[in-house]
Amino acid sequence: MTDMKIGAYVCQGCGLGERLDTKALTMVAQKEGKAHVVREHEFLCNSQGVAMIQKDIDEGVNRVVIGACSRRAKAEAFTFENVAVARVNLREQVIWSQPPTDEARELTQEMAADYIRMGCAEAKKIVAPTPNAAHGTNKRILVVGGGVTGMTAALESARAGYEVLLVEKAPALGGYMASLYKRVPSREPFADPQPTDIEALVAAVSKDPKITVHLNSRTTRTSGAPGQFSVDITAESGPTRTENVGAIVMATGFTPYDASRLPEFGYGKSPNILDQAGLEALARSAAAKGEPMRRPSDGKEVQSVAFIQCAGQRDASGTHLKYCSGHCCNTSMKQAMYFKAQNPNIDTAIIYTDLRTPGNGEDFYRSAQTKGVIFTKGKVQSVAVNGDGSASVHFHDLILDDKAAVMKDVDLVVLATGQVPNSGVNIDIPPDATDVPVTEAGKVQSVSVLNLTYRQGPDVPQLKYGFTDSHFICFPYETRRTGIYTAGPVRRPMDITQAVEDATGAALKAIQAVENAGLGRAAHPRSGDLSFPTFRREGCTQCKRCTVECPFGAIDEDEQRYPQFNEGRCRRCGTCMGACPVRVISFENYSVDSVGSQIKAVDVPDEFSEKPRILLLACENDAYPALDMAGVSGHTSSAFVRTIPVRCLGSVNMIWITDALNSGYDGVMLMGCKHGDDYQCHFVKGSELASYRMSKIDDTLQNLNLEKDRVRVLEVAISDIARVPQFINEYAEKIQEIGMSPFKGF
Amino acid sequence: MADVVATHETIVVVGGGISGMTAAVEAAETGKNVVLIERAPSLGGRVSQLYKYFPKLCHPTCGMEINLRRLRGNKRIKVLTLAEVTKIEGRAGDYRISVTAHPRYVNENCTACGACGEAVSAQIPNPFDYGMSTMKAAYLPSLMAYPQRYVIDPSIIGTPDAERAQAACKYGAVDLDMATETFTLTAGAVVWATGWRPYDAGKIQPYGYDRFANVITSVEFERLSDPRGPTGGRILRPSDGKEAKNVAFIQCAGSRDRNHLKHCSRICCMASLKQTTYVRERFGDDAQSTIYYIDIRAIDRFEDFYQKVQADSTVRFVKSKVANITEDEASGDVILHGVDTEGYHRYDNRHDLCVLAVGMEPSVDIRTVADVAVDASGFIEMGSTNGGIFGAGCASNALDVNRSVQSATASVLRAVQVVNRVAKAEG
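Protein chains in written order, with the numbering used here: chain A, 1 to 746; chain B, 747 to 1173.
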């Protein structure tokens, strides 16, 4: 390890030279920050400025402090190979957040000086990370599930040049799609059902030399990390083989919602009442025999069919599925067309509340109307089975507002039930839980899909209704298990066209995971980060908080019950570091010490100065950019605040707060993202965990004999550009009101 | 643009909205070299002009911050803004892409300090607010703009204003001699992610978008509701600046209609449901939202959101295709005429403001640029005849954000397959 040599550079551009005494700032860096080289520059981000820094680096500077704009600006200019850089935000969050008046000059300069001190302190404690050499380099993709989703993922991965293992629990490939008579059209003119072509897909998978298929098999044990997963594949009543893979696509599909939960619709009372899967079977068997479709009860040729949409779905009461399965309107239209193709005189009625045929489905809808399919807007109340095998459908006709409408002499009733994801064990529900809601219980499966050996449980965490995803809108593939991507109806309800697209996207993510694992690089959202958590074993008390709280299940326990960091699974959020009560976890470029030193570097004036100091720990993705943009927008805020960006509020270790309060700060603010059902935290659980930890801060404050208002936690979004300065100012006023901290000068 | 190095193993992504940005970072993080080409002066596309996303009611800039950070930190991505693709020739693994780059008149020395903006006096319509506000003719396109670099509008070139901008810049960043450049890039595969544009509401004559000030589009309503928008988020109607508390939303404005767009644009039901929450957020119990609809298409898990909005007493649903709109000239109010099909009641309903949930059409007709198969609505079809050109996001279908991201990611794999074949062949 070479000696530390800090270079500190203060920019005079963008008004910094006019608003600040930059010379004095370099002196602060030199005297207090112990910088070896200090320089001012009138325009630091231009090529000469950057070249000046590079020259110093070539001559031995190995830590760089840039006193200029926000780390979010000019990132390309201020990135230097193998050198740790501390960015000191003098522009957006100092001169642009303060009024450009003579009166404000002193406080603005104090602010800038503190940030320079903090930057130098940080630079001393961080190094440019070097990737762990012990990363996995296996590039094979495991696909679990041999339906259309899994087969597509396998084939698309193979076409990109990757080896694939495909595991299917059934004796044959094909999945649910293989049970269909025909599929909803996927191309122009979107007018008629089209062949599924599943045989061709199965053949393509079977003959692809890069794909190895294991039928009648399950994944009975999965351990490891991206680039180095180890998977036991157990054949039914057969041997278990252990295979190594680099990433996993979980495409385990869905099970139709159990129609026997719908006795009010006559299911189970007559064989003439089917679910959509039942109708497909009927259509296939009739087609195989070259016969018309007949009523199961007595073989009578079908003359009228009623389709009941949303059967056991979109149920706000909580008895059945709450969601819509998306494909069922098109599917019922397709099935009605089976009958119209057989005989245009067969009556087909679809009873619906909202017909949902997005995109080109609208063409298919028009085609169904042209073929004479009847669409009735209504809510079905019950289905009665008559002695002659026919059924009567009782419904509320919403167009005529007739609550006692009846459709009589119906030969077949088809219930459009929904998709229940085959997502394995819900690891958030304890195995012995008894108060699981019925709607959830329908989806709680006791059989694990992946049988992960992870400390947190055997399957991919679920978000809602059993579906396995995390960032629902912007980053749909990012599950909470790095290197494991879910695709198809296990992720959200979907049709075949969507499943094919989804499988292709998931395959790309799997390929990306294996490519990055080999380089030791982090996955989204800190993509490319080479740092990883390490821990000081001798200090660890084996309290397990890190293993329990990691949002990504990255940490297991070794035989001696110490945490085992699987860095390939780690997203570098630092939640483990925030959780650790004995502060033994750190990253090369982010640690309890690197932030703690910044907190301590601030010059805290004495209690008679009337200059309070407020520490603001701000989420780097939302609150910190909001603060930047507040500055750009000309919103001013208290000059007593010192802000430190944190990777996630989950990474905030309580020691930072107690240290700040002990060393005379008058208040501490934390700004993080929304948590709960519609969470916005990019590390999923980070802000929630922080809020939980902070709920206990009152005890700490009480022990210190401090007021409750000395710490404030705020939920902030990136768009809170005008609100963030307000929050700061309100809090600064509150601190003025309760007075200065009694801990100053100790 | 001689500094753009592109080879047969390069993936060119056209369009820098959510789909194109996703495609670019996903491809680059898979180890591929990417050139990302955007027509506007900054990335972000149409989603950056939204106030919130459904169903989480979170803010598009949040995901964009992450994508921008991924993009900034990745040396494999070269971003070209103010650039348009004019022609694609060749075949999978060997494309020549003609690009026209328009002058920004500001070079990479720009620090976004804002001095040029202060120096200029000319005002131009702000496209970020769909022209509902004006801005200086030297501007940063948005607070989240990437590149974070000012733009001098061509309309002031040759005027003293432009010279004032140049004089104000201490960093030599204003370059008034910049000119349009044309050049050719090589690529192995193309991801075409040029997104959508709102259907021209003026074509729906009975709704009077071109005649009545208080008939606006759903994308304009996003700006009116955004605290960073032209009314500071106060939802003031255009005719008289009065608070629009009683808002009508007309679904399928242009969509599901053979005379206009025959497809369903998928997002509009959810967008209007979301926009009722803006009215509610702003006016509380004084809000009145009415959604005129044919079917509410809150597909799959979005159903939760529909149920949540249904539970809001300030929101009313009328199953009806609105026949026409008239204006009460004295008040500026709009009056919607039609028949409620649930029970067949005629109505003449007065509202402060009417928002047309306008449909989606492809923003660019790719057939003018490349020989690519499209469906009847102009969306790019998937098919072997398209070679190494792959549609992504709303260039390929009417999609919401999350399906656009899914589509973009899938398109990247298809592009990766092409360039990996090239790499293998080239050894």
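Be aware that a few hints might be false.
Simulated restraints on C-beta separations [said to hold, decoys possible]: (1) A:260 - B:879: 36 to 46 Å; (2) B:750 - A:677: 43 to 53 Å; (3) A:381 - B:1067: 50 to 60 Å; (4) B:1008 - A:676: 37 to 47 Å; (5) B:751 - A:235: 24 to 34 Å.
Here are some chain A residues the structure puts well away from chain B; computed CB gaps all over 12 Å [to be verified]: (6) 74; (7) 138; (8) 237; (9) 501; (10) 560; (11) 584; (12) 695.
No lab work stands behind these hints: they were computed from the structure.
Please read these numbers as outputs of a predicted model, since none were measured by experiment.
Every residue gets a Cβ at the ideal spot worked out from N, C-alpha and C, and that includes glycine.
To see whether the hints hold, each was checked on the structure:
1. A hinted range of 36 to 46 Å for the beta carbons of residue 260 (chain A) and residue 879 (chain B) is inconsistent with their spacing of about 59 Å.
2. Separation of residue 750 (chain B) from residue 677 (chain A) is about 44 Å and conforms to the stated range, judged on CB atoms against 43 to 53 Å.
3. Between residue 381 (chain A) and residue 1067 (chain B) the CB atoms are about 28 Å apart, so this pair departs from the stated range of 50 to 60 Å.
4. At about 40 Å, the beta-carbon gap between residue 1008 (chain B) and residue 676 (chain A) stays in the expected band of 37 to 47 Å.
5. As the Cβ distance of residue 751 (chain B) to residue 235 (chain A) is approximately 50 Å, the hint placing it in 24 to 34 Å is violated.
6. In this structure residue 74 (chain A) is not separated from chain B by more than 12 Å, as the shortest Cβ-Cβ distance comes to only about 7 Å.
7. For residue 138 (chain A), the non-interface assignment is confirmed: its Cβ lies about 16 Å from the closest Cβ of chain B, beyond the 12 Å cut-off.
8. Listed as outside the interface, residue 237 (chain A) is consistent with that label: its C-beta sits roughly 36 Å from the nearest C-beta of chain B, beyond the 12 Å cut-off.
9. Non-interface status of residue 501 (chain A) relative to chain B is broken: a Cβ of that chain comes within 12 Å, the nearest being about 5 Å off.
10. Distance to chain B confirms residue 560 (chain A) as a non-interface residue, since its nearest Cβ pair spans about 36 Å, more than 12 Å.
11. The Cβ of residue 584 (chain A) lies farther than 12 Å from every Cβ of chain B, with a closest approach of about 29 Å, so its non-interface assignment holds.
12. No Cβ of chain B approaches the Cβ of residue 695 (chain A) within 12 Å, the least distance being about 23 Å, so the stated non-interface status holds.
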